[in-house]
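**Student:** So the chains spell out like this:
2 protein chains.
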Amino acid sequence: MSQLEQQIKAAIREVEDFPKKGVNFKDITTLLASPELCNQVTDYLAETYKSLDIDLIVGIESRGFLFGFSLAQKLNIPFVLARKKGKLPFQKISYSYELEYGTSIVEMHVDSIQPRNKVLIHDDLLATGGTAGAVAELVKLREGVLVGFNFLIELSFLNGRQTLEKQSNNIISLAKYF
Amino acid sequence: MSQLEQQIKAAIREVEDFPKKGVNFKDITTLLASPELCNQVTDYLAETYKSLDIDLIVGIESRGFLFGFSLAQKLNIPFVLARKKGKLPFQKISYSYELEYGTSIVEMHVDSIQPRNKVLIHDDLLATGGTAGAVAELVKLREGVLVGFNFLIELSFLNGRQTLEKQSNNIISLAKYF
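Protein chains in written order, with the numbering used here: chain A, 938 to 1115; chain B, 938 to 1115.
Next up, chain A with everything else stripped away, as it sits in the complex (with noise of 0.2 angstroms):
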């Protein structure tokens, strides 16, 4: 485990049976009290990133918007919302996914993603991939290119990953829990 990883684990905060009995949840709000760290992640952020090129991050609501809208001003690059249904003014696209109990429904403006566009998608968490799947959709839908996805947190046992390869292989996660 490297030291910024450790770093990260150890600023966060688990939260038992938080949204619900059994879960236990990783508060990254503890974290965003440490300055200094929250500057040295989006500076590792910066450096894993500034070679591929990139020409946008997709941040998704609303923990994503945090260190995406940093990293994209350190790479300055556009940042671009991914939100839920209903909340984004201009002509959106949307795509529906399936969660454990119903779907959900994500958007992105139509003209926030031009055709050949390099895109990273970050958001802070990566559980089942449900949500970061959809938003890989909405990349496509406007001919963008998937550069790869980034998150602060994985949760390993919850195979998100997996979900995810099939966008792309580039998944980078700074903490992992097993």
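Not one of these hints is a red herring.
Calculated lysine to aspartate or glutamate pairs in the EDC-like style (CA-CA distance at most 16 angstroms, straight line):
| hint | chain 1 | residue 1 | chain 2 | residue 2 |
| --- | --- | --- | --- | --- |
| 1 | A | Lys-1029 | B | Asp-964 |
| 2 | A | Lys-1024 | B | Asp-954 |
| 3 | B | Lys-1113 | B | Glu-942 |
| 4 | B | Lys-1024 | A | Glu-953 |
| 5 | B | Lys-1024 | B | Glu-998 |
| 6 | B | Lys-1024 | A | Asp-954 |
| 7 | B | Lys-1029 | A | Glu-953 |
| 8 | B | Lys-1029 | A | Asp-964 |
| 9 | B | Lys-957 | B | Glu-1037 |
| 10 | A | Lys-1024 | A | Glu-998 |
| 11 | B | Lys-1024 | A | Glu-951 |
| 12 | A | Lys-1024 | B | Glu-953 |
| 13 | A | Lys-1024 | B | Asp-964 |
| 14 | A | Lys-1029 | B | Glu-953 |
| 15 | A | Lys-1024 | B | Glu-998 |
| 16 | A | Lys-1021 | B | Glu-998 |
| 17 | A | Lys-1024 | B | Glu-951 |
| 18 | B | Lys-1024 | A | Asp-964 |
| 19 | B | Lys-1021 | A | Glu-998 |
| 20 | B | Lys-1077 | B | Glu-1102 |
| 21 | B | Lys-1024 | A | Glu-998 |
Hints in this document: simulated from the structure, not taken from any laboratory.
Got chain A; can you put chain B on it based on the hints?
**Tutor:** Below, chain B without anything else, positioned relative to chain A:
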């Protein structure tokens, strides 16, 4: 009007009749597509607030997570999430406030602010000031010292400024619409 304000207004897209008939929505996703301007905004905010010895920034879900966090990283201070009811996992303080129809609740983690911490509240938009005012009540509840409010956009005609002035006179918005 300053050059920065002109640039921000030029970058913001106005969308008619969102979220309902008669409302001219200010869409910042087109601003997020201009990384140079986004970096200019963050730099300007850091310059504006650096002498105030702010201990932490509270950003309001979810667009307030964007520049709120990038400013906190620039100033090298903690970032605190103010979220809608039920989103935060740990022990919380809550404040209920009135909307046009019905009420809404905003929450913060109980350990996110310590007594006498100097706090800046940030959101992308000042409309009626209801949410930002509620967050200021949470800051007070934790005995924080409210240094001021910051917004990218202010809809002056909704008089949110008058509402917030009861809590702090330091209200800065970068682009005002009359």
